[in-house]
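Asks: So the sequence lines, in the order shown, correspond to chains P and G. In terms of the numbering used here, the first sequence opens at residue 1 and continues consecutively. In terms of the numbering used here, the second sequence opens at residue 1 and continues consecutively.
There could be a bad hint or two in this list.
Because identical chains share one entry, a pair is satisfied inside a single copy or across any pair of copies.
EDC-like, lysine to aspartate or glutamate: derived pairs with alpha carbons at most 20 Å apart [claimed, not checked]:
| id | residue 1 | residue 2 |
| --- | --- | --- |
| 1 | LYS181 | ASP152 |
| 2 | LYS176 | ASP8 |
| 3 | LYS52 | ASP154 |
| 4 | LYS23 | ASP118 |
Everything labelled a hint here was simulated from the structure, so no lab data went into it.
2 protein chains.
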Amino acid sequence: MARSKAFDEVEALEKAMHVFWKKGYHATSMEDLVTAMGISRASLYDTYGDKKQLYMAALKLFQSQSQRQNSRAVAASGNSPKAQLMAVLQTNLEETLADPDQRGCMMANATAELAILDEDVCQFAQGNICAVEAFFEKLLRAGQEQGEFRPDFDPGVAATFLLNYVHGMRIVSKTKPDADKMRMGLALAVQGLSI
Amino acid sequence: MARSKAFDEVEALEKAMHVFWKKGYHATSMEDLVTAMGISRASLYDTYGDKKQLYMAALKLFQSQSQRQNSRAVAASGNSPKAQLMAVLQTNLEETLADPDQRGCMMANATAELAILDEDVCQFAQGNICAVEAFFEKLLRAGQEQGEFRPDFDPGVAATFLLNYVHGMRIVSKTKPDADKMRMGLALAVQGLSI
DNA sequence: CTCATTTTGGAACAATTGTTCTGAAATGAG
DNA sequence: CTCATTTCAGAACAATTGTTCCAAAATGAG
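Let's have the full structure, built from the sequences with the hints guiding it.
Replies: So this is what it looks like as structure tokens:
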């Protein structure tokens with residue numbers, strides 16, 4: 001056998017994720033990544049492949065962390081679908097507002113920067129969008145059945161509506177907007193669907 | 001006197017705008033710009049300054065074209081504030097959906113890519129956001145007074161809500177989404193504010 | 001036509017890009 | 001300990017980046 005790695009693989013990947021998250025793909029250089037990850041060029045290429053592969057791995061990591069965060073918000077919100085949905089949306093907004101670097105959402109950033117330039121990123125973003133939409137739709141339908149939401153809208157359409165809104169929040173939040181107006185805007189978005 | 005320019009200054013700028021719009025700032029090279037604009041390097045630097053200045057000029061051009069488009073949509077919609085608002089929103093969506101390159105909105109792209117990396121772009125985006133918000137707020141307030149919108153929401157908050165939604169539409173539209181669901185999602189967004 | 005002035009194309013620039021290579025150091029099973 | 005195997009640091013690579021420079025061509029007022 002041979003020597004074992006001197007660094008934690010996912011720990012270094014997380015550091016790369018934060019650089020990509022903040023600067024995007026093209027503005028991030030391998031130099032940036034090497035210094036941020038604290039490993040050598042050789043180790044980087046050996047472990048993660050080239051820049052694009054590292055970026056995709058970082059994006060996957062972001063997605064999984066994001067999903068876990070959503071699950072936690074749901075779990076902490078009792079049985080009401082509306083309360084669960086509201087918790088997910090508010091958690092997303094509050095985390096975005098709390099970020100001192102105002103990086104927004106890495107997935108939305110990736111979509112804006114790369115969706116039409118890179119087929120892999122586009123497909124990954126589409127997959128994420130479908131998953132989030134399905135998640136919203138499930139909660140909306142359950143909320144309608146429990147009488148928390150108006151029965152006269154299509155849950156699929158409303159899910160698209162919320163998906164668009166969340167993406168917008170995350171882009172606009174990169175310009176240091178009024179936090180309270182953002183909170184009230186989100187409340188208004190959900191109110192339009194409520195009884 | 002001396003020789004006169006062999007190209008139209010705003011025509012070439014418009015070509016640069018389309019390149020930046022599609023590829024973003026960092027992924028666009030001066031080589032790309034020189035070939036797209038059909039002028040020489042020397043003419044480019046002489047007329048527009050460096051890459052950053054050219055980008056800012058292209059962004060300003062986009063903004064002015066966008067404003068003119070909104071004004072046209074309002075002018076063609078009679079006296080109803082709600083109809084005017086709907087026309088603006090729908091025009092934006094339809095134009096985004098119709099773009100074969102799916103480039104979204106250049107302002108949203110600029111915000112996503114550069115707002116936290118470049119102070120100038122951030123301020124410009126903030127200025128645009130304020131202007132659009134004020135425009136929405138004016139229409140919403142007028143619509144409330146005419147009884148077209150519910151009186152129980154704050155026009156400023158609703159303007160923020162719509163602003164976020166429009167930004168989201170434009171990001172999501174870069175992933176080739178279902179056009180009809182996008183249309184119905186927009187209708188639902190306005191419906192939540194309506195009587 | 002003259003000539004000062006400007007534009008223009010392309011060569012040239014230094015700096016940075018993403019990636020590969022090399023050789024030495026470190027490791028752990030036998 | 002042995003040694004095949006892997007990690008690692010940094011030099012080196014070719015390509016591309018944004019920008020400047022220069023000489024030649026073009027222009028229009030006098």
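Asks: Each hint should be assessed against the structure and marked as holding or not.
Replies: How the hints compare with the structure:
1. In this assembly of identical chains, LYS181 and ASP152 lie within 20 Å of each other by CA distance solely across copies; the values are 16 Å between and 28 Å within a copy.
2. Proximity of LYS176 and ASP8 under a CA criterion of 20 Å is satisfied in neither setting, with 34 Å inside one chain copy and 37 Å between copies.
3. Neither within a single protomer nor between protomers do LYS52 and ASP154 lie at most 20 Å apart by alpha-carbon distance, with minima of 39 Å and 45 Å respectively.
4. When the C-alpha separation of LYS23 and ASP118 is checked against a cutoff of 20 Å, the pair qualifies both within a copy, at 17 Å, and between copies, at 11 Å.
Checked against the numbered hints above, the structure violates hints 2, 3; every other hint is satisfied.
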